[in-house]
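Chemist: Under this note's numbering, the first residue of the sequence shown carries the number 30, and numbering increases by one thereafter.
Think of the hints as simulated: they come from the structure by calculation, not from any bench.
A portion of the hints provided could be inaccurate.
Unchecked claim - Distance windows between CB atoms, simulated:
1. 45 with 90: 15 to 23 Å
2. 95 with 74: 29 to 37 Å
3. 97 with 42: 29 to 37 Å
Unchecked claim - DSS-like mimics (lysine-lysine), calculated; alpha carbons at most 25 Å apart, straight line:
4. 56 with 75
5. 61 with 75
6. 69 with 56
Computed from a predicted structure; not experimentally measured.
Just so you know, even glycine gets a beta-carbon here, dropped at the ideal spot from N, CA and C.
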Amino acid sequence: CISLCGDGMMRTLLYEAAQTLMTRVTKWSWLKAWAMNVAKRRGMRKAIVALARRLGVVMHRMWLDGTEFRWTRETMASAI
Numbered sequence: 030c031i032s033l034c035g036d037g038m039m040r041t042l043l044y045e046a047a048q049t050l051m052t053r054v055t056k057w058s059w060l061k062a063w064a065m066n067v068a069k070r071r072g073m074r075k076a077i078v079a080l081a082r083r084l085g086v087v088m089h090r091m092w093l094d095g096t097e098f099r100w101t102r103e104t105m106a107s108a109i
């Protein structure tokens with residue numbers, strides 16, 4: 030849950046990162062495609078919150094594993 034869990038500044042930064050990814054970044058990634066699909070179904074605001082949560086989950090996993098972000102699914106498949 031991203032609503033009132035954890036540090037307020039971290040929630041703000043995750044939301045801003047998600048909003049920037051949705052509105053300003055032109056490079057497509059599987060993460061942006063997923064968020065745009067959510068936006069079609071649920072609306073842009075909910076998609077931004079969902080993307081913020083997903084960014085937090087991805088960053089936490091990257092921190093634990095020590096891996097780098099993969100822009101495409103092809104690099105994900107080759108890494109396995």
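Chemist: The structure should be examined with respect to each hint, and the outcome stated for every one.
Modeler: Hints and how they fare:
1. Judged by the Cβ atoms, the range 15 to 23 Å given for residue 45 and residue 90 holds: they are separated by roughly 21 Å.
2. Separated by about 33 Å at the C-beta atoms, residue 95 and residue 74 satisfy the suggested range of 29 to 37 Å.
3. The hinted window of 29 to 37 Å between residue 97 and residue 42 is violated, with their beta carbons roughly 20 Å apart.
4. Between residue 56 and residue 75 the alpha-carbon distance is near 21 Å, which keeps this suggested pair within the 25 Å criterion.
5. Distance restraint check for residue 61 and residue 75: the Cα-Cα separation of roughly 14 Å lies within the 25 Å cut-off, and the hinted pair is therefore satisfied.
6. For the proposed pair residue 69 and residue 56, the alpha carbon gap of about 19 Å is at most 25 Å, so the pair holds.
In the structure shown, a violation is registered for the earlier hint numbered 3 alone.
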